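Given chain A, work out where chain B should sit, using these hints.
Line order of the protein sequences matches chains A and B.
Heads up, the numbering used here is the position in the first sequence plus 345, with the first residue counted as 1.
Heads up, the numbering used here is the position in the second sequence plus 345, with the first residue counted as 1.
Read the hints as simulated data drawn from the structure, not as lab findings.
There's no promise every hint is true.
To be verified - Label pairs and their calculated CB-CB ranges: (1) B:Ala399 x A:Gln446: 43 to 49 Å; (2) A:Ser548 x B:Asp505: 17 to 23 Å; (3) A:Asp443 x B:Gly369: 42 to 48 Å; (4) B:Tyr506 x A:Ile373: 26 to 32 Å; (5) B:Glu558 x A:Gly421: 55 to 61 Å.
Because the structure is a prediction, the values reported are computed rather than measured.
We put the CB at the ideal spot given by N, CA and C, even for glycine.
There are 2 protein chains.
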Amino acid sequence: MTYCVAMALKDGLVFAADSRTNAGVDQIATYRKLHKFVIEGERVILMMTAGNLATTQSVLSLMRMRLNSDRPNLFGAATMYDVATIVGATGREVVARDAGQGQGVDFGSSFIVGGQIQGEPPRLFLIYPEGNFIECTPDTPYFQIGETKYGKPILDRVIDYHTSLDDGIKCALISIDSTIRSNLSVGLPLDVLRYRRGSFIASEHFNLDEHHEGFHQLGEAWSVGLRDVFHRIPNLKW
Amino acid sequence: MTYCVAMALKDGLVFAADSRTNAGVDQIATYRKLHKFVIEGERVILMMTAGNLATTQSVLSLMRMRLNSDRPNLFGAATMYDVATIVGATGREVVARDAGQGQGVDFGSSFIVGGQIQGEPPRLFLIYPEGNFIECTPDTPYFQIGETKYGKPILDRVIDYHTSLDDGIKCALISIDSTIRSNLSVGLPLDVLRYRRGSFIASEHFNLDEHHEGFHQLGEAWSVGLRDVFHRIPNLKW
Chain A
346 MTYCVAMALK
356 DGLVFAADSR
366 TNAGVDQIAT
376 YRKLHKFVIE
386 GERVILMMTA
396 GNLATTQSVL
406 SLMRMRLNSD
416 RPNLFGAATM
426 YDVATIVGAT
436 GREVVARDAG
446 QGQGVDFGSS
456 FIVGGQIQGE
466 PPRLFLIYPE
476 GNFIECTPDT
486 PYFQIGETKY
496 GKPILDRVID
506 YHTSLDDGIK
516 CALISIDSTI
526 RSNLSVGLPL
536 DVLRYRRGSF
546 IASEHFNLDE
556 HHEGFHQLGE
566 AWSVGLRDVF
576 HRIPNLKW
Chain B
346 MTYCVAMALK
356 DGLVFAADSR
366 TNAGVDQIAT
376 YRKLHKFVIE
386 GERVILMMTA
396 GNLATTQSVL
406 SLMRMRLNSD
416 RPNLFGAATM
426 YDVATIVGAT
436 GREVVARDAG
446 QGQGVDFGSS
456 FIVGGQIQGE
466 PPRLFLIYPE
476 GNFIECTPDT
486 PYFQIGETKY
496 GKPILDRVID
506 YHTSLDDGIK
516 CALISIDSTI
526 RSNLSVGLPL
536 DVLRYRRGSF
546 IASEHFNLDE
556 HHEGFHQLGE
566 AWSVGLRDVF
576 HRIPNLKW
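Just chain A, same shape as in the assembly (with noise of 0.2 Å):
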């Protein structure tokens, strides 16, 4: 499984990602799930994967080859929504090929898909396996794929539109780490991502591995925190 968060505020764009990779849980490998689309000053498009590998590879590459063809490419679109319209039909152009034989494999994956183009805000879609999506407003800030439960509860209670991108980013890493305790199949290193609205850079990119003293301090500081908040409350009168 795989667990990726992203959420358009107020600010600007979070993206969160960790990087485990299963198919049963003794074949297990790290692969990057965020990935870049940059022409600095003119665009920033970022994406992050969840499902079948092969898919997702697979739909990276044809838009990584054709970013310079004469095909509709995430460098010659116009806006965001066309962005996600051309990652949609890719990966419905990768399933329609590799599914052919079915043997009951699911080819399908999941992208979070944000950025900003000139002449846009910044904008951030979810598309479907089945290629189509749809655009995250301020009313519900945050798309998750991969293994979202465990780490929802946390983004219903802080994040709204106006919170500040790093109190965003934060509360991404706990929803990560929230998800990690209580799932093998999502795991460190973590790709985190902060894109300030109308920078049109995405140069605050950093990398959090199980030595990153800080991210251990903040699953920590959470820990003992929410103890903490649990022995204050009183117990239930009946």
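For chain B alone, coordinates are given in the frame of chain A:
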């Protein structure tokens, strides 16, 4: 869906269940999922159910109908292990009867069965749709069935075998509250039961509906406390 959680702690057992049943979002109803088979002073058997409602109701009806028969039954069982065997066998019997025509319906149900019979300590079992089962041990002293993922992180962070019964109930309620906030298919009222080791009565059984002030306050205190901890944790240094 459904969410039930039970704990086997040093001082006894905790059972908590929501009461929402749904087949699609336009067919939602309230059904109790916590059931008791009690001979005061001699045995307390508690059961929670998740999965196909037709199956769980039939299993419970058959077990009640057979209580004073010659067949293996819950009032005749010498141990909680025998109780778990009877529940598993009755589940298999109902599925074998009803699933004959297939039709792509999932007839399976899961059960959490716990309690105490004179001569034994309290015991807790999780019975799978296939009728086989596992028993709770002090290393991981809880079981969940139904929509389990949203409420698991708080259990993993707070509960161990030495947790008091009242803290166990508080944690179960927070776990259910987190699930209710993130998933529509889990809802009030709740059934909560506290069983003290060696008491052989099941009278500490409480019902919490939307008008229960204490449960409302518990959820609010948890939300406020979480947000407070969140804002006190410093942002990550990169």
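Quick rundown of the hints versus the structure:
At roughly 37 Å, the beta-carbon separation of Ala399 (chain B) and Gln446 (chain A) lies outside the given 43 to 49 Å, and the hint is violated. Checked against the hint of 17 to 23 Å, the C-beta distance between Ser548 (chain A) and Asp505 (chain B) comes to roughly 44 Å, which is inconsistent with it. Between Asp443 (chain A) and Gly369 (chain B) the CB atoms are about 32 Å apart, so this pair departs from the stated range of 42 to 48 Å. The beta-carbon spacing between Tyr506 (chain B) and Ile373 (chain A), approximately 30 Å, falls within the hinted interval of 26 to 32 Å.
In this structure, Glu558 (chain B) and Gly421 (chain A) meet the distance hint of 55 to 61 Å, their C-beta atoms being roughly 60 Å apart.
Checked against the numbered hints given earlier, the structure breaks hints 1, 2 and 3 and satisfies all the rest.
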